[in-house]
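Participant: Could you put together the complete structure from these sequences and hints?
Spelled out from the first residue to the last, the chains are:
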Amino acid sequence: MTTTAHVTVPAGPPPPAPPRAGRPRRADLGERTIPYLLLAPAVITMLVLLGWPAVQVVAISFRRLDLGELVRGEIVWIGLDNYRAALSDPEVWTVVLRTVVFTACVVAATVLVAGLLAILLRHLAPGVRVAVQTFLVLAWATPIVAATTVFQWIFDQQYGILNKTLVKLGFDGFAGYSWFSSGPSTLTVIGLMIVWQAVPFVCFTIYAGLLTAPRELYEAAAMDGASPWQAFTTVSWPSIRPLVMLATFLSVIWDFKVFAQVWAFRQGGPDGESTTLPVLLYLKGIASRHFGLASAIAVLMILVLLVLTARYLQLLLRSKEGDL
Amino acid sequence: MKRWTKVMTGAAAIALATAGCAGSGGTDSGGDAAAGEDRTLTVWLMDGSAPETLTDALHEEFEQANDGVTVKYEIQPWNGIQDKLTTALASQNPPDVIELGNTQAPAFAAEGVLTDLSGDVDALHGDQWLDSLKASGEWDGKQFSTPFYAANREIIYRTDMFEQAGIAAPPTSREEWLDAITKLEAKFGSDPQFQSLYLPGQNWYALLSFIWDEGGDIATKDGTNFSAALTTPEAKAGLEFYKQLVDASGTTAPKDNDEQNPVQAGIFGQGKVAMMIGLPWEVATATEDAPDLKDKISGFPIPSKNAGETAPVFQGGSNLAIPVNSANADLAKDYLKLLLSEKYQTMLAEAGMVPGASTDLSPLEADPVSKAMAEAAKNGRSVPATPAWATIEAGQNPLKDMLTAYLTGAKSLDQATADANTALDEAFSSGA
Amino acid sequence: MNKTMGQRVALNTVGVLVAVLFAFPTYWMITSAFKPSVDLLTADYDLIPLSVTFDNFVTAINQPGFLTHLRNSLIVTLGAVACSLVAGVLAAFPLARLRFRGRKGFLLLVLIAQMAPMEALFIPMFLLMQDAGLLNQLPSLLLVYFAITLPFTVWTLRGFVQGIPFELEEAAMVDGCGRFGAFRRVILPLLGPGLVTTSVFAFITAWNEFLYALVFMRDSNKQTLPVWLSTFRSVFGTDWGAIMAASVLYALPALIFFMLVQRKLVSGATAGALKG
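Protein chains in written order, with the UniProt record's numbering: chain R, 1 to 324; chain U, 1 to 432; chain Y, 1 to 276.
One or more of the hints may lead you astray.
Pairs of lysine to any residue, SDA-like flavour, derived with a Cα cap of 25 Å [claimed, not checked]:
#1 K411(U) / S182(R)
#2 K104(Y) / L313(R)
#3 K72(U) / D131(Y)
#4 K168(R) / A43(Y)
#5 K222(Y) / G48(U)
FYI, nobody ran anything at the bench for these hints, they're computed from the structure.
Facilitator: Written out as structure tokens, the structure is:
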């Protein structure tokens with residue numbers, strides 16, 4: 001990130017030497033507590049409202065907590081039984097793998113489309129740009145129940161506008177074609193919908209990043225005779241790289257956890273072939289009211305996510321100062 | 001880093017120690033239920049269950065009969081009701097009367113979160129109860145919930161089309177039914193959009209009818225255990241009949257979806273469908289934008305393979321229960337007693353539902369579509385009364401997958417039934 | 001920018017195509033809201049609606065509780081957005097600019113806080129709110145949405161603060177502004193685009209949340225719009241036309257919110273030019 005900061009001051013004389021001299025001096029107490037005071041609202045909120053329930057989830061994963069225990073307020077410790085139950089299911093590893101692949105595809109598609117779109121936005125006439133932005137926001141703001149329904153209608157076997165249009169265009173094979181007859185095909189449609197709703201956020205983030213790279217830099221690059229690609233790699237990319245990484249990281253977390261959309265289409269069917277980990281959690285844990293098992297699956301999900309994002313977290317921990 | 005880790009470990013330890021305190025039961029709350037004091041009875045009924053005229057009259061009568069009692073009536077939406085009930089039952093002030101879908105009732109009963117009503121069956125008009133809903137309310141030999149109301153599917157048809165196709169009377173056997181399909185196809189089949197019978201691939205309620213009619217069942221009971229019975233010849237015959245209907249009618253309804261997606265009543269309302277298997281109130285949906293169809297719609301029970309009989313039907317509906325943590329269980333029982341009395345059960349029937357605690361179905365006979373439902377209601381049945389069923393219905397129903405796989409030819413009859421049988425058995429064993 | 005006329009036309013054509021592609025599902029939602037229910041799914045070719053009705057909107061608006069739920073949603077959502085932005089900006093600044101003990105630990109906390117699936121957290125959250133005596137009160141939802149959107153807000157704003165050249169801030173400090181003054185006069189205005197992205201994100205997240213609204217708010221007059229939206233589905237079937245009409249009404253506030261804040265995005269762009 002600091003790299004961004006330094007490329008942005010090419011024009012004009014170099015700034016006066018920063019008053020670094022003051023830094024090694026020991027800051028007084030007030031100065032030292034400032035960061036903590038500023039962080040306090042965020043830290044307290046997160047610890048109480050996210051941290052505490054999350055710790056509870058870990059604790060519950062070692063308990064039998066069905067509806068009966070919950071209502072009676074009973075505490076039944078059962079050690080690793082919930083984990084055993086979750087992992088003894090021969091399907092669980094298939095589901096983990098499926099969820100990882102699904103997440104990877106959706107995230108890759110989202111970031112790619114959003115990145116291209118953000119670059120495109122810069123070059124559009126103002127009217128067209130506002131139109132694109134408006135539609136992006138609408139896609140983003142569409143309630144999930146409406147979005148999932150509309151997508152099911154569009155892809156309906158018999159009455160869907162997609163099949164009807166394909167037939168009109170001469171692809172007769174799509175008359176009565178079922179988009180939901182197999183897991184991969186079902187997941188593709190679901191993935192399309194998720195990408196549709198996820199692109200706006202990533203696109204706006206990257207676009208905002210692009211705006212911080214001053215126009216003069218592009219002009220300078222153009223005068224030097226740089227090709228558009230060179231201009232991109234030397235000017236645009238540095239200013240959006242941290243944001244792209246950030247968006248990718250967040251998308252991995254979000255898309256991995258997507259539940260409502262996957263559930264709405266076929267409840268993880270047909271034959272369980274579109275079941276992802278959150279669906280498994282809901283099906284085995286929440287819907288069956290085995291909240292201990294649900295918590296165990298949730299803990300497993302967090303572990304898988306930690307593995308997936310390990311590289312990013314590692315970079316963060318190893319990096320000096322404020323990089324990343 | 002180290003310090004931070006220490007803090008987290010400490011927090012985890014505290015959590016482990018105190019996590020138990022959470023979820024405290026709430027029997028002590030709700031105020032002292034001493035006589036003479038003002039009390040509030042909280043009643044949760046589902047959206048669309050009891051008509052407002054009924055609840056208004058009921059609550060007025062109940063409040064008059066019980067001095068100082070106020071009924072707090074809250075209508076609950078179906079969406080997310082499982083999660084809402086779960087938390088409400090665990091809260092410090094749970095509702096005093098709740099409505100449960102009949103297929104979910106066993107799951108709640110098995111968890112021991114409902115008040116045992118075995119001793120009150122007679123007082124609650126038990127002799128009038130609908131068999132299928134009584135069975136849904138039972139668990140391990142005890143009665144944990146009472147019937148409320150039910151509905152069952154029938155064949156909704158277009159009288160004008162039947163007339164034009166020369167079908168004199170509604171079919172009373174499977175043979176006549178298939179015959180009617182042939183006649184309708186001969187008369188209207190030249191219109192590519194015409195469907196003699198709209199039957200989506202995953203209408204498993206219809207499949208249940210066919211299987212039961214063959215003398216089979218989806219599962220057999222042994223104590224509180226169930227084992228799937230989809231590989232029996234009877235179950236296979238039911239499935240084959242389903243396919244026969246699909247083939248004969250050439251229905252263009254999706255094979256990979258159920259009657260809700262797309263909403264079949266909407267398709268029926270477009271006027272190109274002669275028959276569908278549905279609930280009486282679907283007629284209202286169908287005629288909403290096509291009022292001219294109103295006089296041309298009637299219904300008949302799903303015919304049996306034995307001429308003159310009606311096929312057994314799946315009865316969907318609701319049960320009523322009192323949460324075990326309710327502070328007003330005695331009042332709640334009085335409330336149930338009043339709601340299940342003849343007066344209010346008749347009002348339910350007049351609203352077009354099969355009353356759960358009245359064997360008198362005559363109020364339903366005024367309307368031909370409701371009459372057909374009442375005719376078949378005597379032969380109503382339900383799904384296995386096991387906690388597992390709530391889970392099966394919540395998500396991945398093996399019967400639906402079986403139908404789609406068989407109808408699309410993805411699996412053979414034997415393969416489809418065998419796979420579904422295994423899936424059902426797994427659900428039975430893990431759900432309990 | 002010296003692009004030829006042809007290049008411009010080509011780029012804008014691509015832009016229009018993308019807009020159409022993205023608009024299509026929304027278009028389908030809107031046209032469905034205007035279709036009579038028998039036309040929702042038909043064998044006829046209906047890219048343009050066969051007939052138009054306003055009945056669905058009438059049904060939707062007449063569904064009990066629209067205004068109450070709208071008010072509740074606005075309170076909870078705007079409250080959460082405001083809290084999230086304030087706490088987020090306060091935290092982003094030290095995280096990006098200052099060195100102090102526990103900084104990395106906090107960053108990790110922020111990251112991992114987002115990993116827990118919300119479906120699994122609802123029981124502990126419910127018990128927490130019950131113990132705090134906040135059940136059935138709008139602040140409980142406000143707090144949850146604040147917490148859900150906070151990690152993201154902190155993380156993103158930190159990124160934007162880092163993107164602002166340190167030299168600008170130092171120059172301001174040299175000019176006699178204190179650290180706070182430099183923050184207010186230099187950083188805050190430049191954060192414009194970041195604030196837009198994060199506030200729209202927080203708005204939409206809170207606006208769409210269903211499970212917690214359903215479970216925490218027992219009284220129907222305390223519930224929010226997503227719960228209202230789900231009342232169109234009952235045992236009697238689902239009135240899809242009305243759901244689509246309701247969804248259109250429901251998406252409008254989010255669009256209006258974006259329209260209001262997006263000007264910042266433009267002014268943020270001009271602020272970016274100042275740097276040079």
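Participant: Hint check: K222(Y) vs G48(U), CA-CA at most 25 Å. Holds or violated?
Facilitator: holds (20 Å)
Participant: Run the distance test for K104(Y) versus L313(R): straight-line Cα separation, threshold 25 Å.
Facilitator: holds (10 Å)
Participant: Starting from K411(U), check that the Cα of S182(R) is at most 25 Å away, please.
Facilitator: Cα-Cα ~13 Å, so holds.
Participant: Does the alpha-carbon distance linking K168(R) and A43(Y) stay inside the 25 Å limit?
Facilitator: holds (13 Å)
Participant: Please verify whether K72(U) and D131(Y) have alpha carbons no more than 25 Å apart.
Facilitator: holds (23 Å)
Checked against the numbered hints above, the structure violates none of them.
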